[in-house]
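Peer 1: Protein sequences appear in the order of chains A and B.
Residue numbers for the first sequence follow our numbering, beginning at 1 and rising by one.
Residue numbers for the second sequence follow our numbering, beginning at 1001 and rising by one.
Read the hints as simulated data drawn from the structure, not as lab findings.
On a predicted model such as this, the values are computed, not experimentally measured, just so you know.
Incorrect hints may have been included.
Derived BS3-like pairs: lysine-lysine, alpha-carbon spacing no greater than 30 Å straight-line [stated by the list, open to error]: (1) A/LYS88 to B/LYS1043; (2) A/LYS139 to B/LYS1094; (3) A/LYS139 to B/LYS1133; (4) B/LYS1185 to B/LYS1071; (5) B/LYS1156 to B/LYS1041; (6) B/LYS1094 to A/LYS77; (7) A/LYS141 to B/LYS1090.
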Amino acid sequence: MAGSDLVMYEDEFQKIDEELQKLHQQANATVVFLVDKNGQLIASAGDTHDIDTTSLASLTAGNIAATGGIARLLGEKEFTILFHEGEKDNIHISLIGQRVILVVIFDQRSSLGLVRLRVKKTSESLTKLFDDITSKAEKEKLEGKTAESPFAEISDEDIDNLFK
Amino acid sequence: MSFINYSSREINCKIVYYGPGLCGKTTNLQFIYKKTNPEQKGKLISLATETERTLFFDFLPLALGDIRGFKVRFHLYTVPGQVFYAASRKLILKGVDGVIFVADSQIERMEANIESLDDLKINLAEQGYNLEKLPYAVQYNKRDLPNVAPLEELNKLLNADNVAWFEGVAPTGVGVFETLKSVAKQVLLELKKHY
Ligand SMILES: Nc1nc2c(ncn2[C@@H]2O[C@H](COP(=O)(O)OP(=O)(O)OP(=O)(O)O)[C@@H](O)[C@H]2O)c(=O)[nH]1
Ligand SMILES: [Mg+2]
């Protein structure tokens, strides 16, 4: 099967969360998101109350996918940074390690320069974190480790119950 | 590619509706949206042309409930069926966990069905997937129309591997949840195999 599932445990999630919190603060951003390339929200920092994060994640991934498609047509590798400027809010989108998408929403209290600078730092840390996650998952697969899997015992009944 | 988060105790899986233009993919999602409780669903996002043809994708996040303390979420996508949107269809298939092929039962759409199914197989293969190994079901939609092909013939032309198939009338919901359930179940059983 192409690609592998993304499995994330508590401690890894916490580290990612810390990175996002730090970025949110240091970049003076309104909100910061981390999205899987397939459109699934991984984590966020800042005030997400008024934002439909699930939709935002899916559209951001669509956006990256579409510009990636354009890049390939032009013989470019991939556009790793997208920036959209609005009247109030601006959005800075960057691709990290070919796998996840970092989204920063900010207004006039910050600036593109500051966001760029901070995103760069965060990207480096996150790249390393995700490398660790991937190698850990591979190692566990090799060792045939199945941790505390909630799925091993899924029954037909469990599944039928979902559709009641 | 599902995303399993042990921290927030969530599983997210991606299901894609595929099929020729106007076969009823968007209508499937609209019906599901209409019939689910507000707390179970997010917004239905449709990136569509002015004439309501899907331009890039439709997206509907569905939270079905819990399994063993894990929140199970399905992200439903439709592709744009019109032939010239080929590039977009490839993008949407990325990271897919399960596919629903919606066929248009009308006799005059048979060629379009076959072409779309071939397109699906090619696009999956390009990404290293194999339709035979993927959670998958077929929906023969528009069964309410007078000029439909017999099921036997549809199965012969579009379901050589004899996977689960359903008759559909998407606007009134016939077969809609049955088809989704079939693939969702296969996706979860696939997870069971791997984890
Ligand atoms: N009679 C009948 N009409 C249907 C049925 N399903 C869908 N339609 C109609 O067919 C038209 C096209 O449906 P859509 O759901 O937009 O088709 P689609 O597959 O999303 O098309 P694209 O976005 O172009 O790929 C709409 O007018 C629907 O109301 C059905 O089962 N019976
Ligand atoms: Mg559509």
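Peer 1: Confirm or reject each hint.
Peer 2: Hint check results:
1. A/LYS88 to B/LYS1043: holds (24 Å)
2. A/LYS139 to B/LYS1094: Holds, at roughly 25 Å.
3. A/LYS139 to B/LYS1133: Holds - the C-alpha atoms of B/LYS1133 and A/LYS139 are around 24 Å apart, at most 30 Å.
4. B/LYS1185 to B/LYS1071: holds (15 Å)
5. B/LYS1156 to B/LYS1041: The given pair, whose Cα atoms are some 36 Å apart, is violated under the 30 Å limit.
6. B/LYS1094 to A/LYS77: Within the cut-off at roughly 17 Å; holds.
7. A/LYS141 to B/LYS1090: Distance of about 29 Å is within 30 Å: holds.
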